[in-house]
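> Now for the letters of each chain:
There are 2 protein chains.
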Amino acid sequence: MKFAKRADKIDSSFVREILKLASNSDIISFAGGLPNPNLFPSQAFRKASEDILSNPKMAQIALQYGESAGFYALREEIAKTYKQKDNLDIDPDLIIITTGSQQALDLIAKIFINKNDTVLLESPTYLAAIQTFQFYEPKFDTISLTETGPNINELEPKSGKLFYTIPNFQNPSGVTWNTNTRKFVADWAYKKNVIIIEDDPYGEIRFSGKRQPTLKSFNDDVILLGSFSKILAPGLRLGWIIAPNKDWFDKLILAKQASDLHSSQFTQLITWKFYKDFDSQKHIKELSNFYSKQKELLIKEIEAHIPEISLNNPEGGMFLWGELPIGYDSVELLKIAIEQRVAFVPGIPFYINDIKDNTMRLNFSNSSLQDIKDGVKRLKRSVDIYKGQNSL
Amino acid sequence: MKFAKRADKIDSSFVREILKLASNSDIISFAGGLPNPNLFPSQAFRKASEDILSNPKMAQIALQYGESAGFYALREEIAKTYKQKDNLDIDPDLIIITTGSQQALDLIAKIFINKNDTVLLESPTYLAAIQTFQFYEPKFDTISLTETGPNINELEPKSGKLFYTIPNFQNPSGVTWNTNTRKFVADWAYKKNVIIIEDDPYGEIRFSGKRQPTLKSFNDDVILLGSFSKILAPGLRLGWIIAPNKDWFDKLILAKQASDLHSSQFTQLITWKFYKDFDSQKHIKELSNFYSKQKELLIKEIEAHIPEISLNNPEGGMFLWGELPIGYDSVELLKIAIEQRVAFVPGIPFYINDIKDNTMRLNFSNSSLQDIKDGVKRLKRSVDIYKGQNSL
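If you read the sequences in order, they're chains Y and R.
For the first sequence, our numbering gives the first residue as 27, with consecutive numbering after it.
For the second sequence, our numbering gives the first residue as 27, with consecutive numbering after it.
Do not take every clue at face value.
Intra- or inter-copy, both count: the list cannot distinguish identical chains.
What the hints assert, rightly or not - With a straight-line cut-off of 25 Å between C-alpha atoms, the simulated BS3-like cross-links for lysine-lysine are:
id	residue 1	residue 2
1	K272	K109
2	K308	K83
3	K399	K326
4	K184	K31
5	K382	K141
6	K28	K209
7	K73	K83
8	K217	K326
Read the hints as simulated data drawn from the structure, not as lab findings.
Predicted model, so just to flag it, every value in this text is computed and none were measured.
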C-alpha cells in the first residue's frame, strides 16, 4: 500500500456523504453548517475590491506574495476588535492569519501532536476537528458536554496534551460554557499543563444574554482561534490564531510556511478594507438579529408539531441540538427524512465514544422562514413514518 | 518540551533571515522569488471582481463555502489549457485546487510520507519543499542536477517513496530537463514504483526553445502540480494537483478537507472569470517577453562586468544560477553585498548534502532594467571587496 499509515486509516466522513444528498435543491436542509448567503456583505466587498484594485499600489500588495503571518493591518483590526468586545489586549505580532480556522487546527496539530499524545475533546464535538487531528494519530479522550460546558467532575482527573474546545454556541450542540466552567477549566489546564485550543467562530453571533469572557482571559497559555467565515463570508477562507507567546508563534509560522506560505493576500486586503470602511459591528448585529428570528421560528415550529424532539435554546450561533426519545435512531430517521425532502445531521459523527444515537443537529442560519415552516412539516411527516415503521 | 518531535527539529530558514534584510527598500534584490508586480493583470481582475460581485448569484457562490476539490469551472479551464498546450487529456474530476502549490506539497506529503520513508530530491532543489517534507520526517536522498536534468547514472540505482522534481526552469537552478531525461526518469519511476511529483510553476514562462513534454505524458502515475502564482498573481494563493487516479484523488481530498476545507472561493471565481473573459495566453506571452529582456540584460551585465561569476542561460522562468570560482564562499560575499545594497541567495540552503558553497541564485523577474544595471554594479563592487579581503 502506498499511502502513509496516518492517511490509510482515514476515510471519507459519513456526514459528507449525506450532505451530498442534501445538496439536492428540492431538499430543505437543516443539515449544513452554512451561513446565510443573503447576508453576505457583497456590496461592501464590491466597493472594497474596487477601491483596492483601482489603486495601483494597493493592487500590487493584494496580488503579490505576503507575510506568512498575514497582512499586518488586518491583524491590527482583529486586535482592536478584541479590545472593544472583551477588553482583551492582543498583540497583533502574535496573530497569524490562517486559511479558515480549519487550518488553525491543522497547524496546531502539526506543531504539538506526537503520535499517541492524548487530545481531549468535548463530547459531542466538531467533527472536522476530529478529522484534522486524526492525521497526527493522537489518542482521543472525551468529556461529556452539559448545558453549561464540559462536565467538570469528569474532566478533573484527566490529562492530555491538548484540549480542543468551542466554548460559545458550540458546533454541534449550541452549548455555551458558563463563567464558572471557564474559570475552572482554565485553571485546571494551567495546573495540568494542558494546552487549550479555544475555537470561537460563533461567539460574535449572540442573540441575547451576556457575552462570556474568553478562556484566554483566565489563562494566558490558551490558543484562541477566530474566523471571518461565519460573521463575514466563508469564501474568503480567513481565520486566525492568537499565539500565547513568541516561541509558539514562531513554530506556528514555520508550519504555516510549510503548509501554504500564507493565506490569500487579496481576500485579506478586502477584509481589512471592510473593517476599516464599513461598520462591521452593525453588520454582525443585523446578521445576529436575522439568525435569532430563524432560531425562534425553528424552535416554535418543532415544539408545536414534533413533541418527540426536545430542543435546547442557544443564545447565539447557528445550531440547535435535538434529542429524540431513547431508543430512536436518528440515522434511520434521516433516511426517511431525505425521502421526505428534508435533512439534518444525526448526532453520531460528532461522538468518538458514548454515542447518543437519538440526537441530531439542526442548522437554522441557512433556511428562509418559509423553508423553516415547510421543513418542519416534512420532518414531522418523517417522524410519523419512522414511528409507524418501528411501531412506536 | 511541548512541541511535537516533527516540529522540534525545524528552525527558521537561514535564507528567510537574509531576505528580511533584503526587503529594505534601498537594496536591489536579486534574492527573492517574486513575480514582477507591474505585470499583474490587476485591471482584468478588477473587471472580473466587479462582474462577480455585481451579480447576486455569482457573489453568493464566490463568498459561500465551496467544494473541497475547488470550483469546477476553474478546474475545467485548467484541463482545457493542458489540452491546448500539451495535448494532454486531463479529467477535471481529478484536479484539486490548492492554496498555492506549496499546499500541494503538504497534502501529498501528508498522504504518502511515513517517518523514515525516502524522499528523493534534485540537488540543488526548492528549499521550501524541503521544509514542507521535513514535517513528515522522511529521509532525504539527492541526485545531482546537470544541465539537462538529474544525473541518470546517479539516479538509476536509487529507490524511494517519492521523487520531487521541477523539470522546467527549476528553482533555484533554472535547469530544464531534456526529453530523454524525462523519458528515462518516467520509466525508471514506473519500474521502481517511485511516485514522481512533477512541480511545474514556471513551465509556461518560456522565452525561447521548444516546450518539453510533461513527465506525466510518459508515466500516468506522475502527480503533476501547477500554479497561478507565477503566471497570474501569488496573492490569489491558487495552485493545483492533478491526481493520477480516483483512489489518490479521494485521499488527497480528505487531506485537503482536514487542512483548510477548500481554497478561497472568491479568488477561484476571479481566476476562472479571467480565463474565461480575457486572453490568458496573451498575458503569459507578454510576461514572458518582459522577463526574457530582464534575463538577457542581467546576463549581459554580469558577463561584461563580473567575469568571476559564470552563469547558465535558462530558456524561461525567473532564475539564473551562478557559480563563483572554487574556493569562493557565496555566504561571505552576500554579507558584503548587503552592505553594498544588493542581494542574492547563496546556494547553500538549496542543498541537503554535497553543498556547493560557491554558488548563487539570481532572480531577474522582480527588478527593473535600470535596477539590473545598478544592481550588477553593486555586485561587482562586492566581488572586488571580497577578493581584496581574501587576497584573491
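> Give a verdict on every hint.
Hint check results:
1. K272 <-> K109: within (20 Å within a copy, 48 Å between copies)
2. K308 <-> K83: Answer is between; shortest inter-copy Cα gap is 24 Å, intra-copy 30 Å.
3. K399 <-> K326: Within one copy only: 10 Å inside a chain, 74 Å across chains, cut-off 25 Å.
4. K184 <-> K31: between (28 Å within a copy, 23 Å between copies)
5. K382 <-> K141: neither (28 Å within a copy, 37 Å between copies)
6. K28 <-> K209: between (47 Å within a copy, 23 Å between copies)
7. K73 <-> K83: For K73 and K83, both the intra-copy (17 Å) and inter-copy (17 Å) Cα distances are at most 25 Å.
8. K217 <-> K326: neither (44 Å within a copy, 66 Å between copies)
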